[in-house]
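Spelled out, the chains give:
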Amino acid sequence: MSNMRILIIEDDLEAAAYLVKAFREQGHVADHAADGLDGYAAAQEKDYDVLIVDRMLPKMDGLSLISGLREQKIETPALILSALGQVDDRVKGLRAGGDDYLPKPYAFSELLARVEVLSRRRTNGGARSEETVYRVGDLELDRLAHKVSVAGQEITLQPREFRLLEYLMKHAGQVVTRTMLLEHVWDYHFDPQTNVIDVHISRLRAKIDKGRETPLLHTIRGAGYMIREGVR
Amino acid sequence: MKAFGKLFRTTAFKLSLAYLVLFSIGAMLVLASVGGRAKQVLDEQIGETVEAELRGLAEQYSEGGIRQLALAVERRARAPGSAIYLVTTYTGEFVAGNIATQPSMAQGETGLSDTLYQRRGDPAEEPRRHPALARLFVLPGGFRLIVGHDVEDHRILRGILERALGVSLFWLVLVGTLGGLFVAHRVLERVEAMSDSARRIMGGDLDERLPVSGSGDELDRLAANFNAMLTRIDELMSGLREVSDNIAHDLKTPLTRLRNRAEEALGDGKSQEDQRAALAAIIDESDGLIRIFNALLMIARAEAGCCSDQLCAFDAREVAHDIVEIYEPVAEEQGATLIFSGDRDLQVYGSRELLGQAVVNLVDNALKYGRNGESPQVRVTANCVGERVEIAVADHGPGVPAEDRERIVGRFVRLENSRSRPGSGLGLSLAAAVAHLHHGALRLEDNAPGLRVVVSLPSLRPGVVPLARAAE
Numbered sequence: 026m027s028n029m030r031i032l033i034i035e036d037d038l039e040a041a042a043y044l045v046k047a048f049r050e051q052g053h054v055a056d057h058a059a060d061g062l063d064g065y066a067a068a069q070e071k072d073y074d075v076l077i078v079d080r081m082l083p084k085m086d087g088l089s090l091i092s093g094l095r096e097q098k099i100e101t102p103a104l105i106l107s108a109l110g111q112v113d114d115r116v117k118g119l120r121a122g123g124d125d126y127l128p129k130p131y132a133f134s135e136l137l138a139r140v141e142v143l144s145r146r147r148t149n150g151g152a153r154s155e156e157t158v159y160r161v162g163d164l165e166l167d168r169l170a171h172k173v174s175v176a177g178q179e180i181t182l183q184p185r186e187f188r189l190l191e192y193l194m195k196h197a198g199q200v201v202t203r204t205m206l207l208e209h210v211w212d213y214h215f216d217p218q219t220n221v222i223d224v225h226i227s228r229l230r231a232k233i234d235k236g237r238e239t240p241l242l243h244t245i246r247g248a249g250y251m252i253r254e255g256v257r
Numbered sequence: 009m010k011a012f013g014k015l016f017r018t019t020a021f022k023l024s025l026a027y028l029v030l031f032s033i034g035a036m037l038v039l040a041s042v043g044g045r046a047k048q049v050l051d052e053q054i055g056e057t058v059e060a061e062l063r064g065l066a067e068q069y070s071e072g073g074i075r076q077l078a079l080a081v082e083r084r085a086r087a088p089g090s091a092i093y094l095v096t097t098y099t100g101e102f103v104a105g106n107i108a109t110q111p112s113m114a115q116g117e118t119g120l121s122d123t124l125y126q127r128r129g130d131p132a133e134e135p136r137r138h139p140a141l142a143r144l145f146v147l148p149g150g151f152r153l154i155v156g157h158d159v160e161d162h163r164i165l166r167g168i169l170e171r172a173l174g175v176s177l178f179w180l181v182l183v184g185t186l187g188g189l190f191v192a193h194r195v196l197e198r199v200e201a202m203s204d205s206a207r208r209i210m211g212g213d214l215d216e217r218l219p220v221s222g223s224g225d226e227l228d229r230l231a232a233n234f235n236a237m238l239t240r241i242d243e244l245m246s247g248l249r250e251v252s253d254n255i256a257h258d259l260k261t262p263l264t265r266l267r268n269r270a271e272e273a274l275g276d277g278k279s280q281e282d283q284r285a286a287l288a289a290i291i292d293e294s295d296g297l298i299r300i301f302n303a304l305l306m307i308a309r310a311e312a313g314c315c316s317d318q319l320c321a322f323d324a325r326e327v328a329h330d331i332v333e334i335y336e337p338v339a340e341e342q343g344a345t346l347i348f349s350g351d352r353d354l355q356v357y358g359s360r361e362l363l364g365q366a367v368v369n370l371v372d373n374a375l376k377y378g379r380n381g382e383s384p385q386v387r388v389t390a391n392c393v394g395e396r397v398e399i400a401v402a403d404h405g406p407g408v409p410a411e412d413r414e415r416i417v418g419r420f421v422r423l424e425n426s427r428s429r430p431g432s433g434l435g436l437s438l439a440a441a442v443a444h445l446h447h448g449a450l451r452l453e454d455n456a457p458g459l460r461v462v463v464s465l466p467s468l469r470p471g472v473v474p475l476a477r478a479a480e
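Protein sequence lines correspond, in order, to chains A and B. Following this note's numbering, the numbering of the first sequence begins with 26 at its first residue and continues without gaps. Following this note's numbering, the numbering of the second sequence begins with 9 at its first residue and continues without gaps.
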């Protein structure tokens, strides 16, 4: 993953410092703005890959900030962090122009995965979603024909398994978390209680990585899954 | 003095004062009109009598001249009564009668008029004039005949009546005022007692209740209703206390584990591998805690009836089917079977997310606790029952005894035999809260054997305005 330039707009200084440090440790460039107006100005001046915006901010709240930027035709992807204990109004956040929504408290791995996906969407210009065939190693997924083949051999997948693989391959080389999968494959935003996603993944893995020496579908401990070729 | 001021300001006193004034005015009006009418009737009666006598005497005069008239007058004047007679010459000289002087009456006056006269027997030194109603009649030949009626008794009676009225008005006002004060004092006393109780309750004595006198009047009913309200608040408070006790208890365990793991990782002689494993375990433990808080928040949100912008019409069958699909591999891995069956197109209005979460909780519970024997089976159904959509999750496990069914819906409540398995005790509470948010209900039934949990929601048929939307 190449370096990202991230702007964190968050009034909780301790949380912001933690985020800045964590992103920098990952090799990214992270700036911090402590209130809505500073954040708005910074997002206008510099070219960021992703904005992380707290919902409740002094001087200008997160939703107004984002819709203000969108009116200025500044389309930097924005991830909204809900205020702790606040009602989870994902719909409102997305309607205001946010691209993703994460309720507090969250795991940093979850935030990182989502920010990377947002940033990739921007740098690729959405190119990947235009492709009709995704390829990772000898694994091939034809989105139009709904066909999946491993080394030229077609394999049969359930419709949900297909969508699961499609989402993973669309974000090949990136970590996708369990909640991201639940959101995009099943369109639910709740807590699945048990390791339901893991079971779906292991079924999928059994189909695409059978007899393979170096698997394509990896479990990233404490974060999620990633589909990629070869060993790091 | 201050207490008196309070008394005078009471509604009861003001009301009694107002009634008193109104009643006094009314009484005076009634008495005045009755008095006036009585006088009028009496005066008319006198007028008729006087008229008849005049006519009789005039007849005597025309029959036998002044002599016969004088005789008739003398005769009548001797008779007891209050009639007065006087016959004079045209110069005013006395001819006959029972009064001394000619009353001051205008010449030629024909009607009955109020006048004063002196009695014949009265001593001349201190002449007293008596009131009378009299009429003057000029006879042919210049003689004057005066016939009248003494009304002194009437006047005296009237005076007595007026005084009596004044005295009774005085007593009325006095008794009324005192009575008003008494009533006001009694009401004030009870209101003060209630205020005192209310102050004590506000001060923290939550077991205190408002005094009820037992008379069943409006103040009593008010107090009884307030007491019922206080009891309800008390129940809610103890419910809340129980929940927070449970939260404290149920969060202490994972927090203690968390702390132990961290301590262990810090211990001497740990390899980096061990430390990493401990940290990973700590993260898992924290995730579990966050999950519990999220569930609590979600219950609170569903109970508060929030997220109105997320409400929409959706197919409940789809939701149930999705959840079964998500859980099917999990069930299979655990050696269980998850079966779905349902009617088509079950439109309901509400939150798809929350309903999904509720069904997830039920399926999760069924897979966790509904096992009995080798190949447990969980059946999820979505059906249209009358005007309701019912999603049921049924297992063949040990079930829940009827007496526990209501209790296990409570937050953090877990049956003893399930304590050993993972879970927060919030699943059913959330499902129940979600059902209520949708104006529905959560039912726990006997699946003989096993447990059947039903989420019953009002169905959304075309053209029917959904409750939640109508309330917006």
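Worth flagging that the hints you see were computed from the coordinates, not collected in a lab. Predicted model only: the values in this text are computed from it and were never measured. Even for Gly, the Cβ is constructed at its ideal location relative to N, Cα and C. Treat the hints loosely; a few may be bogus.
[As the list claims (entries may be wrong)] Listed next, with one range per pair, are the computed distances between beta-carbon atoms:
1. Ala410(B) <-> Tyr43(A): 19 to 25 angstroms
2. Leu244(B) <-> Asp60(A): 38 to 44 angstroms
3. Arg120(A) <-> Leu423(B): 42 to 48 angstroms
4. Ala308(B) <-> Gln97(A): 45 to 51 angstroms
5. Gln51(A) <-> Phe301(B): 55 to 61 angstroms
[Said to hold, decoys possible] Over the 12 angstroms line for every Cβ pair with chain A, so calculated as not near, a few chain B residues:
6. Leu165
7. Arg240
8. Tyr335
9. Asp412
10. Gly418
Review point. Is it the case that arginine 240(B) keeps its Cβ farther than 12 angstroms from each residue Cβ in chain A?
Key: 27 angstroms, holds
**Study point:** Interface exclusion of leucine 165(B) relative to chain A, criterion Cβ beyond 12 angstroms
**Key:** At roughly 87 angstroms from the nearest Cβ of chain A, leucine 165(B) sits farther out than 12 angstroms, so the non-interface label holds.
Review point. Does 45 to 51 angstroms hold as the CB distance between alanine 308(B) and glutamine 97(A), or does it fail?
Key: Given about 37 angstroms between the Cβ atoms, the range is violated.
Check your understanding: Measuring from beta carbon to beta carbon, are leucine 244(B) and aspartate 60(A) in 38 to 44 angstroms?
Key -> 39 angstroms, holds
Review point. Is the gap between the beta carbons of alanine 410(B) and tyrosine 43(A) within 19 to 25 angstroms?
Key: The hinted range 19 to 25 angstroms is violated for alanine 410(B) and tyrosine 43(A), with Cβ atoms some 51 angstroms apart.
Practice item. Confirm or reject the statement that glycine 418(B) sits farther than 12 angstroms, beta carbon to beta carbon, from all of chain A. Key: 19 angstroms, holds
Check your understanding: Does the hinted range 55 to 61 angstroms hold for glutamine 51(A) and phenylalanine 301(B) at CB?
Key -> Hint violated: Cβ distance 27 angstroms, outside 55 to 61 angstroms.
Exercise for review: Kindly confirm whether 42 to 48 angstroms is satisfied by the beta carbon distance between arginine 120(A) and leucine 423(B).
Suggested key: 43 angstroms, holds
Exercise for review: Mind verifying the non-interface call on tyrosine 335(B)? Its CB should be farther than 12 angstroms from each CB in chain A.
Suggested key: 6 angstroms, violated
Exercise for review: Verify that the Cβ of aspartate 412(B) lies farther than 12 angstroms from every Cβ atom of chain A, and report whether the claim holds or is violated.
Suggested key: Nearest chain A Cβ is 22 angstroms from aspartate 412(B), so the label holds.
Going down the numbered hints, you'll see the structure goes against 1, 4, 5, 8, while the others check out.
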